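Novice: Spelled out from the first residue to the last, the chains are:
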Amino acid sequence: MDDDKIIELFWARDERAVELTEKKYGKYCFTIANNILSDRLDSDECVNDTLERAWLAIPLNKPKNLKVFLAKITRNLSIDRLRRKESIGRGRGVVNDVLDELIECLPAENVDEVINLKELEATIDSFLSTISSRDRKVFLRRYFFAQDIAEIAEMFNLKESHVLVILSRVSRKMKIHLEKEGYAI
Amino acid sequence: MNVMDLFAAIGGVSDKYVDESDRTHKRAIWPAVLGVAACLAMVIGAMEFFNDRDNTKWPLKEVHIEQSEQQDNGGEIAVLPDWEELDINQKYPYILVDRVEFTSRDNISPNYIQDMLFSGVEASGIDMLSGVTHKTTTDIYEIQGISQDCAVAVAFPEVSDEFYVYINSEYSPDTLEQFVNDLNLRENMLFGSAWYSYEKESGEYATVEFTGLEDYVVWDMLLDDLTAKNVDNYDSMNFFNKMSISVFVPVLGYENISLSVTEDGYITTNILDIGKAFYIGENKTDMFVEYVLNNCQGYEIIYIQDDEGIPE
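Chains as they are written, first to last, in the working numbering: chain C, 64 to 248; chain F, 46 to 357.
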């Protein structure tokens, strides 16, 4: 069933919407969650939570792109769960490598201040508009989907070392962009 | 701001960028979606099992998916290579040619090299470990049959007799004719299997690979209307693929990327990275899909993850 029809079912409060979404995008959401959490049980729970959130959210917010809408919910829920795991000392798992790389993007004199998430999102969005399509796609495969380097290299027909170089260069550019936008103190 | 804040904020980027990166499928969709390395060993098996759909029976083809060695070791260790370990095109991934930025791909056989277009074009690259900026001077060549608006070959003094393809990933043709001519696709493009996804009665989605699709069929049925215009708002459009065809453009180093037909009558492709979509009408896309379903040999793909099984 196409996504528009599934969204219509959500709007009509028809519970088949959840079932159809799970069948069509369950594995997709699981992969995103598992890339971040490296834990099948937690990832399964994240998928269930995603479906529940979509059920609650869609009457208020009609998504233009159901797949991306679900990806973002899954990702946010996975990060929340990751933060909780960290707080009880369970560690970050495989995504730790992704986060270690992202440290390169943090402004040099960064302090642990409270940030306005929406403003930061807009700043990152404007930065992404300045780089090439390929670099943007590689960057998001790694830092949005938390996909591993070997898979990204395969997808883009590049050597793994080339992917690392692209990520490193984009990270450096983003760091400069964030500093220009006032994220350095 | 800490790194987790930054990681979370990346989740708020525009839908169009997430969608753009999500449309990059080099191979059949499911291995990528499953999140395992694409280390595939194809085994045709279980031929006695068939699937019924609209009176069409497709035998099953098992595709064994192995976890990558890196994943077996608990996740890859991403180590940025030393400057000296990088290939020359990795050292200098971007080159400004006649005020257009080109990005590097693979090396290219000297057989494809034509006239020199520009000499002494400066390129700079940063050693990401030391922060030192390096500079070199390159010569830019035309690639046989390829418009310099799309791609060029670059020669570096550090590597004699080697040429590298650099593409203009922002290239956007006005029409299908321009696209075909600029890349000389009639000679440079090869087609592989067609891939079809459908919903089974159980509600599960299945992927079917169709083999034996002749190149001339794709040209005659999908690429014959050269006046078809390229959309100018690809990123803001939602395309739902009915069928995808594996595409190879060896001269530019593209293997197994895609040409897709959509439910609403477009053909889309990611050749030269940025998405392109040409409207050819639903009649044509429907006829093509029906042709493949009825005339090519289909195999329903069953993915088997060798160590743990496909996550449900």
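Just so you know, the hints here were simulated from the structure itself, not pulled from any lab data. Treat each hint with caution, since some may be false.
Chain F stretches covered by chain C per the calculated footprint, using a threshold of three residues with CB under 8 angstroms from any CB of chain C [as the list claims (entries may be wrong)]:
no. : region
1   : 231–242
2   : 321–334
Partial selection, computed: residues in chain C whose CB lies under 10 angstroms from chain F [claimed, not checked]:
no. : residue
3   : Leu123
4   : Lys125
5   : Asn139
6   : Val158
7   : Thr186
8   : Asp198
9   : Leu203
If you only want the chain F side, here are some residues facing chain C, beta carbon under 8 angstroms, derived [what the hints assert, rightly or not]:
no. : residue
10  : Leu131
11  : Cys195
12  : Tyr250
None of the values given here were measured: they were computed from a predicted structure. For glycine and all other residues, C-beta sits at the position ideal for the given N, C-alpha and C.
Novice: For each hint, tell me whether it holds in the structure or not.
Specialist: Hint by hint, here is what the structure shows:
no. : hint    : verdict
1   : 231–242 : violated (count 0)
2   : 321–334 : violated (count 0)
3   : Leu123  : violated (17 angstroms)
4   : Lys125  : violated (13 angstroms)
5   : Asn139  : holds (6 angstroms)
6   : Val158  : holds (8 angstroms)
7   : Thr186  : holds (8 angstroms)
8   : Asp198  : holds (8 angstroms)
9   : Leu203  : holds (4 angstroms)
10  : Leu131  : holds (6 angstroms)
11  : Cys195  : violated (14 angstroms)
12  : Tyr250  : holds (6 angstroms)
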